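> Let the hints inform the model, and build the full structure from the sequences given.
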Amino acid sequence: MTRFFLFFLVWLFVSLVVKAHKRNSAVADTFDAVARRRGLRSKRRMKGLGSPTLSGVYKGYEYTAEATSRVFNRSMRAHTSVKLTFPQSLDLGLHLEWQGMAGEFLSMLGKQDVRIGDDAFDQQVVIHGDDPETLRAFLTPTRRFHCQRFLMRRGRRVIHDGGIHVELRGRLQTEEALDGVLESMAALADQLVDSIPPPLSQAIEEQSSGALDEALQSIRAMPTDTPEALPDRKVLEGEILYTGARYEEAADAFAIARDADPTDAEAAAWHDRAAARASGQSPPPLPEDLVASAPEPGPAAEPHLDTDSISFDVVCATLFAPDIRSLQVSQLFEQRFEDAPVTWTGELQRANRASFDLVFGNDPCTKAVLGLGEYGEGLASRMIHAVAQFPEDMAERLGDLQGTPVRFSGRLVRCDPFMRNLFVADAKLIS
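The numbering of the sequence shown is my numbering, which starts it at 1 and goes up by one.
Keep in mind that the hints were calculated from the coordinates and are not lab data. A quick note: this is a predicted structure, and the numbers were derived from the prediction, not measured. Treat the hints with care, since some could be wrong.
Derived lysine-lysine pairs resembling DSS-like cross-links, with alpha carbons at most 27 Å apart [as the list claims (entries may be wrong)]:
no., residue 1, residue 2
1, Lys-83, Lys-43
2, Lys-83, Lys-59
3, Lys-43, Lys-59
Simulated DEER-style distance windows between Cβ atoms [to be verified]:
no., residue 1, residue 2, range
4, Asp-131, Pro-223, 33 to 39 Å
5, Thr-404, Glu-248, 39 to 45 Å
6, Pro-287, Glu-392, 24 to 30 Å
Beta carbons: idealized from backbone N, C-alpha and C, even for Gly.
Structure below.
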């Protein structure tokens, strides 16, 4: 019996060693292959039993990566760490991190001491810097977009003065996964260290103004070798196409983003949602890690009896609550507000004739943008806009009303989840 037990222990030990050797060899082979293609150095420790590492300069940035094991809840867990170092410090005292458990801990230590003025960014990202005004000027809308997209992906991710750090549970055993992490880090670094306005900034400005067709053209006109991050660009393109109900094209764009970075769970979920809509099926449930607790519709969510209209405050409280991502905004809008009647008042900012619109279609119309009101508190408050489709012959009358409060009714048809613009079809002025 004793001999059998000793034999079992020896067999178990040898099996574990062989298994660890095979696993580490697979990871080391991945590191070797990526290193050869990227001009980096890879190293294996202890002939396959130790932690494979990767280091060197790629696209002008110093990289170090290591696949190792760490103690987690009294057990050893596989772990991958990738670091990118900027050529020189940003000298902002910068620290950006997703608002998870680590983010809450940093907030308790006083790290969350800067409000940028972008409600979604402020609510979802831990922001720290030496001078708030300097940091607000540095974090332009385009940089915020790229940082937010990067931080929401799998693993713990930190952006700081010296560079970017990604920590992932598990080992990156495929070349595609490791390539995706390296490329996404370099693309983000380009946005942070380059003082030249990136090409995507024009598309973001156009999307913010409600001109989705122009934003789509700007994105598609970007050269294929542009330094903009491919996954981010394709997700933005996909969201615009999804808002315009061009689901098949949206699914194709999201698929490119998903394949470019396998750690991008949001791009994968967007693809599944768009693909389901393209085939006429109900979209699948969202992954739990991408869903925040959304407020349940109460009595205030019912239409007003006098106008049969959904309240603007209820729409904002549901769609733009803290921690709700653009993917969930789209889901909530489709479940609760799509095709709902509205009667709202907003300041008319501009009105122009349009022969085509991505959301409203090919019928000539007058497209108006109205500021409905601020939502949020303090610097985090944000103006919510309605993009409304009026009859074509209303252009001159609406032009005369520019800058004044306008009461209108219509049908709530779409929501741009990234820019928080609400699209109202069949709009009519109310005297």
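> Determine for every hint whether it applies to the structure shown.
Evaluated hints:
1. Restraint check for Lys-83 and Lys-43: satisfied, since their Cα atoms lie roughly 16 Å apart, inside the 27 Å limit.
2. With a CA separation close to 14 Å, the supplied pair Lys-83 and Lys-59 stays within the 27 Å bound.
3. Among the hinted pairs, Lys-43 with Lys-59 is consistent with the structure: their alpha-carbon atoms are about 20 Å apart, no more than 27 Å.
4. For Asp-131 and Pro-223, the hinted distance range of 33 to 39 Å is satisfied, since their beta carbons lie about 35 Å from each other.
5. The given range of 39 to 45 Å is respected by Thr-404 and Glu-248, whose C-beta atoms sit roughly 41 Å from each other.
6. Taken as a hint, the range 24 to 30 Å is violated for the pair Pro-287 and Glu-392, whose Cβ atoms sit roughly 43 Å apart.
The structure does not agree with numbered hint 6 stated previously, though it agrees with all others.
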